[in-house]
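K.L.:
If you want the building blocks of each chain, they are given just below.
There are 2 protein chains.
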Amino acid sequence: MGDLKKYKNITRGISDTYINVHPIQRGGILTAEARKALLEFGDGYSVCDYCFEARVDLVDNPPVHDFTQDVAEFLNMDDVRFTAGCRHAKWAAMHMVCEPGDTVVLDSLAHYTSYLAAEANQLNIVEVPHNGYPNFEIDTDGYARKFEEVEQKTGKLPAMAILTHVDYRYGNLADAEKVGRICREYGVPFLLNTAYSSGIMPVDGKKLHVDFLCGSGHKSWAASAPIGVLATTYEWTSRLFNKSTVRGDWSGRGFTKKEVALFGCSPVFGAPVATLMASFPAVVERVRHWDEEIRKAQYFVKEIEKIEGFHQMGAKPKQHTLMNIESLPLHEIAEKDKRRGYFLYHELKKRKIVGLHPGMSKNFKINTYGLKWEQVKYVADAFRDIARENGIKIED
Amino acid sequence: MGDLKKYKNITRGISDTYINVHPIQRGGILTAEARKALLEFGDGYSVCDYCFEARVDLVDNPPVHDFTQDVAEFLNMDDVRFTAGCRHAKWAAMHMVCEPGDTVVLDSLAHYTSYLAAEANQLNIVEVPHNGYPNFEIDTDGYARKFEEVEQKTGKLPAMAILTHVDYRYGNLADAEKVGRICREYGVPFLLNTAYSSGIMPVDGKKLHVDFLCGSGHKSWAASAPIGVLATTYEWTSRLFNKSTVRGDWSGRGFTKKEVALFGCSPVFGAPVATLMASFPAVVERVRHWDEEIRKAQYFVKEIEKIEGFHQMGAKPKQHTLMNIESLPLHEIAEKDKRRGYFLYHELKKRKIVGLHPGMSKNFKINTYGLKWEQVKYVADAFRDIARENGIKIED
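Residue numbers (this note's numbering), protein chains in the order written: chain Y, 1 to 396; chain U, 1 to 396.
So that you can see chain Y by itself, here it is in the shape it has in the complex:
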C-alpha cells in the first residue's frame, strides 16, 4: 500500500463561497436540518437503535414508519420503500414484475441505469424514439406503437413501460400523463423514473397513472447518497414488496418479514434515510415554488442565448432547471487555448462557479435549481464575460 495519509483529509476543494451548478447536484444539496441529521446518524447502522420489526421502513424511532407513509402521500401513491438509489428501485420493480426474456419499452433518453436494470433482469429492450437535434423530444405516442409492435413480434404486450419523467441529457419534461393513459389503455404496467422531478417539482403519481414511481433522494430530495424512493399502488404492493419464502433445508430458518427485492431490508439505515427525513419538510415546501424555478431557468436561457452561437438544446421553453447549452464558439476558442476543453472550466472556477463537466466546451449541462436570482444573474454574466473576453459577440 502507498502512503495512506492522503485519505485522511479528503476535500472537494471548494467552499461555500462557490456557486455549484453541477447538473446532477443541485437537487441533492443538503438542507441545514439534513446536515444536522448527517452528523447525528453518520455512524453505521445508526437508525437501527430501536428496530423491533426487522425492517428499517417499520422503525418508529426515528419515525421512519410514519415518514414512509407521508412520502407515499406526498407522491400520491399508496406504499413506499427506500432503496440504495433510484437504480436499485428500477431493478427491484423489474425484478418483481417481469420474467427473464420479457420485453420492456423505454424512452430513448432513459438514464443508463434503466437500461442496466433491464439487462441485469435479462429483459429485452425496445426504445421509443425522440425527434433528434435540437429538441430531442420523446414521441410519447410511440409508446402505443411500440406496444403493438412488441405484441406482434413476441405474441404478448411488453411486461413494463418505462418513462424518464425528466431526462438527464436535455432536461426535457416528458408528458407522463399521456404515457400513463396509453399504458392504462393497453394494460401495461407503467414505471416512471422521477430522479430529476420528484423532490424538486410536484409529481402526482395517481394523476399520471403510474404503477411504479422511482425517485432519487441524493439527486432531488436534498439527501445524502445513496437513497432512492420506490413507490407503488395498492394493486402492486404485495407483488413488489413480496416477502421472502426461502427456508433453510437443515435449520428451517426463514425470514418472512424480509422483502426480496430490498435484499431483506434496504441498507439505507443511517445517514441516507436520516437526511431524507430531515429535509422532507423543506422538500414539501420547495416543490410549491417550482414555477419560480422555471422562471429562473427561462431567464437564464434568454440571457445565455444573447451570446452569439449559444443555443439551448431540448424542448422550448424550458420546463425544468437542468439544461444543455450548445456553445460551438467556445469550442473554437478551446481548440486554440492550451487548456483545451478545460478552458471553460477554469474560467468559471476563477469566477467561483463550479460544476461544469471539465473538458466540455461544444456544449455543457448546467442546472439552476435553487439558485437565488442574483446567483442566476451572476452565472449568466460570467458566461457573457468569458465570451466577451474571447471576442464572441453579445446581443444587447
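The reader is advised that the hints may include incorrect statements.
[Unchecked claim] Here are the simulated DSS-like pairs of lysine-lysine, each with C-alpha atoms no more than 27 Å apart in a straight line:
| # | chain 1 | residue 1 | chain 2 | residue 2 |
| --- | --- | --- | --- | --- |
| 1 | Y | K178 | Y | K156 |
| 2 | Y | K258 | U | K372 |
| 3 | Y | K5 | U | K372 |
| 4 | Y | K36 | U | K352 |
[As the list claims (entries may be wrong)] Listed next, with one range per pair, are the computed distances between beta-carbon atoms:
| # | chain 1 | residue 1 | chain 2 | residue 2 | range |
| --- | --- | --- | --- | --- | --- |
| 5 | Y | K257 | U | D291 | 47 to 53 Å |
| 6 | U | K153 | Y | D175 | 53 to 59 Å |
| 7 | Y | E235 | U | E374 | 40 to 46 Å |
| 8 | U | R239 | Y | P317 | 47 to 53 Å |
| 9 | Y | E235 | U | H346 | 39 to 45 Å |
Hint data in this document are derived by calculation from the structure and do not stem from the laboratory. Think of the CB as a built atom: it goes at the ideal place given N, C-alpha and C, for glycine as much as any other residue.
Since the structure of chain Y is provided, determine the placement of chain U on it from the hints.
P.N.:
For chain U alone, kept in the frame of chain Y given last:
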C-alpha cells in the same frame, strides 16, 4: 400528511457520554477523519465532481481509484468494488457466477441477506449444520459432505459455497482457511462473508483461498451506511465485473464502461465512500491490535460469567468481540418487573450504557469492540450491579 416538524430535528437520544455496546454498531462508529469527510461529502453525488470515466471506482479526485487498489492489497485480493452494502456484494457475486436453478451451499449461521441473495437469484440452498446449543459451531467438514450430496442429487457440484466468517448470532469465528481448502479441492467458487471480520481483524483473502470476499463498511470499517466491499481475484474479475452489453435498438446507445452487477456504477458516490476512505488509515492500523480486542472480550466473558446463571454461548474461548450471553436469571426478574423485557434495557440506560436490543432478557448480544479497558470494566460492573440489586448471586 401529518405534522412534518417531527422530521426536522431527529436525534438518537444519546450523547457521546453514553457507551454504545450495540452488537452491530461497534465497528461502524466513525473516526474523527470520517466525521470530517461526512460533512465535506454529505451532499448527494459529491464524489462525482471530477468523474471522467463514468464509474466512481475510477475517480482520481478524491483518490477513489488508488483507494480501490489499496483496499484490494489490504485484503490480499486483486480487485475491489464498493457496493451498497455487503448484501449487494453477495447478490452481485451470485448473480454473475451462478445461473437460476443452481444450488449453493452455505453455513446455517449465515446472515439472512446471504439467504435472500440466493433467493433473489433463484438459487437453491443447502445448509451446512452447526453443532447446536451451547456452542453453535459450524461443522466445516460438512462442506465436503454437502458438495458430494449436491453432486449426487443434481448431477453437478454447487455453483458456490458461502461461509460466514464471523456470524452475527454468536460471534463465532469459522475456520475459513479449511473451508477454502475444501472449495479449492472440489473446484467450488468460495464466497467469504466478512461483514464482522474485515475492517476490525486481519483477513487475508489469498491465504483463506477466497474467490469472493464481501465486507461491510458500515459494520466494520468505520464508514457511514450503506457501503459494502466486494473483492475478488484476477481469475474472476472479468466475470464478476462484466461490462454492460445492452444496446438501444433504435438509438444504438450502449454503456460499455458500466458494470452490470454494480447497476452501472455503484451508488455509494457520496458520504459512504468518502467516510470509508477517510477511516481507512485508522482501519489498517486497528486490525493490528485485534489481539488486544480479543483479550478484552475474553475478560468481559470471565467477569460476566461470575454472575450466577450467566453463560456465554458460542465457541470458547471467544475469538471475536461480538458475543451472545445467556441470562436466564434476568429473564425471571423481568417476568415480575412491570417493565418486562425492557427492564434490562432501562437499567443499563440509567448507567449510560446503550445498544442492547430492547425487550431481550433471556439472552443478549453485546459487542466490546473498540471499548477502552475501563469501559469494558464499567460495563461488566454495571451488569453485576444490576444482578446484585436483584438478588442474583455473584461469584467473588
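K.L.:
When the hints from earlier in the document are held up against this structure, which numbers fail?
P.N.:
2, 5, 7
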